[in-house]
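Chains as they are written, first to last, in this note's numbering: chain A, 207 to 609; chain B, 146 to 499.
Warning: the hint list may mix true and false statements.
Claimed, not checked - Here are the computed lysine to any residue pairs in the SDA-like style, where the Cα-Cα straight-line distance is at most 20 Å: (1) B:K258 with A:H418; (2) A:K588 with A:T517; (3) A:K409 with B:G261.
I should point out that these hints are in silico values taken from the structure, not numbers from a laboratory.
Here are the chains, one letter per residue:
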Amino acid sequence: MATTAISTKKKTVRMNGCVASAQAAKYADVDVITAYPIRPYTATMMALAQMVANGELDAEYIVADSEHSQLSIAHGASSSGARVFTGSSGVGVQFAYELYSPISGSRMPVQMMIADRTLDPPGDFGSEHTDALSTRDMGWLMGWACDAQEAFDNHLMAYRIGEDPRVLLPQMVCQDGFFVSHITTDVELPDPGQVKEFLPPYKHPYPLDPRHPVSHGPQIMPEQGPPLQLERARAMEGSMTVIEQVHDEFAQIFGRKYDPWVEEFMTDGAEVVFFMQGGHAVTARFAIQHLRDEGVKVGLVRLRTIRPYPTDRVNKVLSKFKVVGVIETNMGLGSVSSGGSLYAEACAALYESPQHPLVISFMAGMGGEAIVLKEFYWMTKKMMEAQKRGKIEKRTHWVGFEE
Amino acid sequence: MPVIEVQRQQLPILDSPNQGARFYNPDLPSSEPFVPGHRTCAGCGPAIQYRMTSKASGDNTILVGPTGCMYVANSSYLCTPYNVPWAHTQIGSAGSFTAGVAAAYEAMIRKGKWKGTFPNIICEAGDGSASDIGLASISGALYRNHDCLIICYDNEQYANTGIQASSRTPYGGMTTFSPPGPKVPEAKTLYPKDLARMMAAGHPHCYVATASVGYPIDLMNKVRKGLNHRGAAYLMVYTPCQKGFVYETPRSIDLGRLVVECGLYPIWEWNPEKRAYDYSFRPQSMRPVSDYLKLQGRFGHLHAEHIANLQKFANEQWRMMGVELPEALSQAADVKNQVNMAAAAEAEVVAQTL
Ligand SMILES: Cc1ncc(C[n+]2csc(CCOP(=O)(O)OP(=O)(O)O)c2C)c(N)n1
Ligand code: SF4
Ligand SMILES: [Mg+2]
Numbered sequence: 207m208a209t210t211a212i213s214t215k216k217k218t219v220r221m222n223g224c225v226a227s228a229q230a231a232k233y234a235d236v237d238v239i240t241a242y243p244i245r246p247y248t249a250t251m252m253a254l255a256q257m258v259a260n261g262e263l264d265a266e267y268i269v270a271d272s273e274h275s276q277l278s279i280a281h282g283a284s285s286s287g288a289r290v291f292t293g294s295s296g297v298g299v300q301f302a303y304e305l306y307s308p309i310s311g312s313r314m315p316v317q318m319m320i321a322d323r324t325l326d327p328p329g330d331f332g333s334e335h336t337d338a339l340s341t342r343d344m345g346w347l348m349g350w351a352c353d354a355q356e357a358f359d360n361h362l363m364a365y366r367i368g369e370d371p372r373v374l375l376p377q378m379v380c381q382d383g384f385f386v387s388h389i390t391t392d393v394e395l396p397d398p399g400q401v402k403e404f405l406p407p408y409k410h411p412y413p414l415d416p417r418h419p420v421s422h423g424p425q426i427m428p429e430q431g432p433p434l435q436l437e438r439a440r441a442m443e444g445s446m447t448v449i450e451q452v453h454d455e456f457a458q459i460f461g462r463k464y465d466p467w468v469e470e471f472m473t474d475g476a477e478v479v480f481f482m483q484g485g486h487a488v489t490a491r492f493a494i495q496h497l498r499d500e501g502v503k504v505g506l507v508r509l510r511t512i513r514p515y516p517t518d519r520v521n522k523v524l525s526k527f528k529v530v531g532v533i534e535t536n537m538g539l540g541s542v543s544s545g546g547s548l549y550a551e552a553c554a555a556l557y558e559s560p561q562h563p564l565v566i567s568f569m570a571g572m573g574g575e576a577i578v579l580k581e582f583y584w585m586t587k588k589m590m591e592a593q594k595r596g597k598i599e600k601r602t603h604w605v606g607f608e609e
Numbered sequence: 146m147p148v149i150e151v152q153r154q155q156l157p158i159l160d161s162p163n164q165g166a167r168f169y170n171p172d173l174p175s176s177e178p179f180v181p182g183h184r185t186c187a188g189c190g191p192a193i194q195y196r197m198t199s200k201a202s203g204d205n206t207i208l209v210g211p212t213g214c215m216y217v218a219n220s221s222y223l224c225t226p227y228n229v230p231w232a233h234t235q236i237g238s239a240g241s242f243t244a245g246v247a248a249a250y251e252a253m254i255r256k257g258k259w260k261g262t263f264p265n266i267i268c269e270a271g272d273g274s275a276s277d278i279g280l281a282s283i284s285g286a287l288y289r290n291h292d293c294l295i296i297c298y299d300n301e302q303y304a305n306t307g308i309q310a311s312s313r314t315p316y317g318g319m320t321t322f323s324p325p326g327p328k329v330p331e332a333k334t335l336y337p338k339d340l341a342r343m344m345a346a347g348h349p350h351c352y353v354a355t356a357s358v359g360y361p362i363d364l365m366n367k368v369r370k371g372l373n374h375r376g377a378a379y380l381m382v383y384t385p386c387q388k389g390f391v392y393e394t395p396r397s398i399d400l401g402r403l404v405v406e407c408g409l410y411p412i413w414e415w416n417p418e419k420r421a422y423d424y425s426f427r428p429q430s431m432r433p434v435s436d437y438l439k440l441q442g443r444f445g446h447l448h449a450e451h452i453a454n455l456q457k458f459a460n461e462q463w464r465m466m467g468v469e470l471p472e473a474l475s476q477a478a479d480v481k482n483q484v485n486m487a488a489a490a491e492a493e494v495v496a497q498t499l
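All chains should be modelled from the sequences, with the hints used to inform the complete structure.
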C-alpha cells in the first residue's frame, strides 16, 4: 500500500456526531442522499442539505415520504450503481423494517447512519440501542462509535468494507443519540487526497444498466433458497478478513488505529470488566480510571462491531476475567436474561471457553438516561460481590432501582 | 467536478391510435424487451400490457417490478422474461425504488460516473400496490417529479395472493375478500378509488393518463408521451385477469374494449402544460354495462338493482367525459329495465364453495 504524500488540507474542526457523519458522506462523494425527519439523526441530514445547497457536494438530495420510502430509494439508487447515504433514529428505523432484508439480500452496499433513540411508547428523545439492534440479524454490517471522530472514521471504513466485491453488504453506522450525535468535540477532517486513496469509487458488479441487462431479485423455488441464504451468510462471515484489512489500511493512511472488534481499556490485571458499546464508554473510562486509582481491578471492553459478531475475539478477551458486567442500553423483553439482548450474545460467545467468567446484565442508560459515575461505581461493587461470592446474585439488575 | 448535461430520449408517436388490437402498424418497433419464458396465465391482461409497454419504450429501459403477478408470475430465478435490466422491489416501494433509480442516473450522468443517454425508467405496479400499500410512495415520486413513468396495471384486485378486493375492485365485484352472501348480495359494496384522477389532481405537473389493453396503439403512445415528458408520469391501464374476472381466455382484448365502450373505464389524458384534461378519446360504440358484466363470472351473482347501480356509475363517467347520454343508457340505469344475471342463483352457490 502506497503511503500518503504530506497532506496539506487536513484540518481539525469542532463538530458534533451528526455533523461528523454528514462530513463523512461528503468526503465519500455520495451520489444520492435520502432523508426523512426524526430526531436526533435529523441534524446529519440538515447539514447535508446545506452542503448541497452551497454547492459543496454534488448529490441528489431526496426528501422521502417515509422511512420505508427512504430505504427503498436507497435500494433503487444503490442497485443502479450510485453511492447512497441515508439514516434514521428510533421508530424511523423500524418504519423501514421491511427493506433491511431485501437490501442485504440483493447485496447492495447502502449506508445508513443511526443516531439511536428510544422506541415509543412513550415518546422519548433519549438514546437506547433497541432501534438498530432490532435489525441486527438482517444482514447489515453494524457497529457503534463512541465519539464524533470515531463516527466519521467508521463511515469511511464502512463504505470501503461494504462495497468490497468480496463483501457487498449494507452498513449501519451507529452512534448514541445526543451523547455522541449532539456533543461537540474536535474532529480531524482528512485531506481529500487521503480519502481518494482509501476509498475507490463505488462499482457494483451487476448494476441496473441498460447496456448489460440483469434481473435483480426474481422469484425463487424453495430449494433455491438455501444456497442464496448461505451465500449471504458467507458474505457476512467473509467480511471479517476485509474488516481487519480495511482497519489496517485506514491506520496507515489516516494515522488512527482502531481495533476493529473491541477496545480494551485498562484491562491489564483487571478482574472485573464492563462489556458495552457506544457513547457511555466515555464515562466508563473516567469511572475506571478513578476506581483504578483506588486499587479496584476493573476494566472496560467496548464492542465496536456487533455484526459480524466477533465471537472468537469476545471469547478470548472476556475469558481472561472473573466477572463481566454487560451494560445493555437496549430492551430484550422476555429475553434470556429478561433484560437486554447483549447478554445472551456475550454468554453464547463465552460458552466454549473452558473458563467461564460470571456474567451479569445491567439495565442502564434506559430511556436515554445518562449512566453517571456513581452508577458505574455501584455496578463495579455488584461485580466485585459476585466475584467474592463466586456466584451472581441475579442475572439482571435494573440500575437505579436497587440498593 | 465535471457537470455533464443529461441527454434524454425522445420517442416518436405512432399513427392510428384508436385502432383495435388486430390492426397492424408497420411503425411498431421490432425490439422485444419482454419475451416469453414467464408463468403468467394464458391471456393474462397485465402480461399483454407489459409486452406493449416495454416495446414502446425500447431497449434503453430499466424496469421496476413491485411484488404482484408481474413479479411473481413473470420472473423465475435464472429464467426471467426481461431483456432489459429489471429489479424486483417491495409492494409498497413502487414509487420510492423507482425514484432511487432515476436519482442515481441523474447524479451518475451529471458527475460523469455513467456515460450514455438517460434510460427510460418504468415501474410496473399492480393496482393493489398503486392504490393501497404503495400509494404514498408513488405520490412521493410524482410530487418530486423524478424522470420516470409509473404504470398501474389495473386488474382491479390483488390477483397474486388469490384474488382479493383492492381499492380498485369495482362495485359488485366478487373476490375472496368480498364474496356475495345473503347479507351482502352485491359482494363488493364500495366503488373503486378514482386513482388516476387523484394522481392528476395532486400532481398537476405530471403527465397522467388512462389506457386499456383493448387499444394497443393508444397505450403505446401514452407510454411514449409519459416517457418523453420531462419529469414524472403516471399511467393507469385496464388489464383484465382471467383468473379473477373468470372469463374465456381469448377475450382479454375484447374486454379491454367493452369496458371502455360501456363507460366503466373512461380513457383520458391530463395535459400538464395546459393544466387540463383531454376527453377527446371516443370508443367506436357505446353499450350498456350488462354487455360487459355478463362475460365475467365475478359479476355472475348480480341482481337487477346492482346492475342498475353500475349503469348509474357508468353514466356519471360519460357525463364527466362530456358525452351526451343516449336515452337507452339512461333507461338502463332504472332497475325496472334490468334483470338478474342469468346465473345469479348458481353463481352464489359457487361463491360459497370458494
Ligand atoms: C408487505 C407485503 N404485504 C403483502 C404482500 C403479499 N402480496 C404479494 S402479491 C400481492 C398482490 C398484489 O396485488 P397487485 O398490486 O394488485 O398486483 P397483482 O397481483 O394483482 O398483479 C400481495 C398483497 C407482500 N408481498 N408484501
Ligand atoms: S392471476 Fe391474473 S394477473 Fe396473475 S398471471 Fe393470471 S391472469 Fe395474469
Ligand atoms: Mg392487481
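Inset, instruction - Identify every previously stated hint that the structure contradicts and give their numbers, smallest first. - result: Those not satisfied come down to hint 2.
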